[in-house]
Amino acid sequence: MKYIYEAVSISYSIWTGRAEEDYLRIINEKGQEGWRFVGFLPSYAKPRDVKGTELIFEKIIHEND
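In my numbering, the protein residues as written are 127 to 191.
Since the hints were derived computationally from the structure, they do not count as laboratory data.
Note that CB positions come from ideal geometry on N, CA and C, so glycine has one too.
Be aware that a few hints might be false.
[To be verified] What follows is a list of derived Cβ distance ranges for each label pair:
(1) Leu-150 to Ile-130: 16 to 26 Å
(2) His-188 to Ala-145: 30 to 40 Å
(3) Lys-185 to Ser-137: 17 to 27 Å
(4) Tyr-149 to Glu-189: 26 to 36 Å
(5) Glu-184 to Glu-146: 18 to 28 Å
(6) Ile-186 to Ser-139: 31 to 41 Å
(7) Leu-150 to Glu-189: 12 to 22 Å
(8) Glu-184 to Asp-148: 18 to 28 Å
Please model the entire structure based on the sequences and the hints provided.
Given below as C-alpha cells:
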C-alpha cells in the first residue's frame, strides 16, 4: 500500500489564544473524503512561516489511481 499525506493549518487568535477553526469539524470533513487523521504538529515545532497547529491526514492510494 501507498499513502499520501496532507496537512491542514489551524490558526489561533492573537487576542484569545483560541483556535479560529473548529478542528473536530475539519477532522470529520476530511474523514468523509476518505482521509484518516493521524496526528498534529504543534505550532512551536514548525518552520517560522507556518502559524498555528497543523492537523496531519493520510489516505491510501491505489496503484491504478
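Each hint, compared with the structure:
1. Look at Leu-150 against Ile-130: about 23 Å separates their beta carbons, and that is inside 16 to 26 Å.
2. Separation of His-188 from Ala-145 is about 34 Å and conforms to the stated range, judged on CB atoms against 30 to 40 Å.
3. Taking 17 to 27 Å as the suggested C-beta distance range, the pair Lys-185 and Ser-137 conforms, at roughly 24 Å.
4. Roughly 32 Å separates the CB atoms of Tyr-149 and Glu-189, a value that falls within the hinted 26 to 36 Å.
5. As the Cβ distance of Glu-184 to Glu-146 is approximately 24 Å, the hint placing it in 18 to 28 Å holds.
6. In this structure, Ile-186 and Ser-139 meet the distance hint of 31 to 41 Å, their C-beta atoms being roughly 35 Å apart.
7. Between Leu-150 and Glu-189, the C-beta spacing of about 33 Å breaks the proposed range 12 to 22 Å.
8. Distance hint for Glu-184 and Asp-148: a CB-CB separation of about 21 Å, consistent with the stated range 18 to 28 Å.
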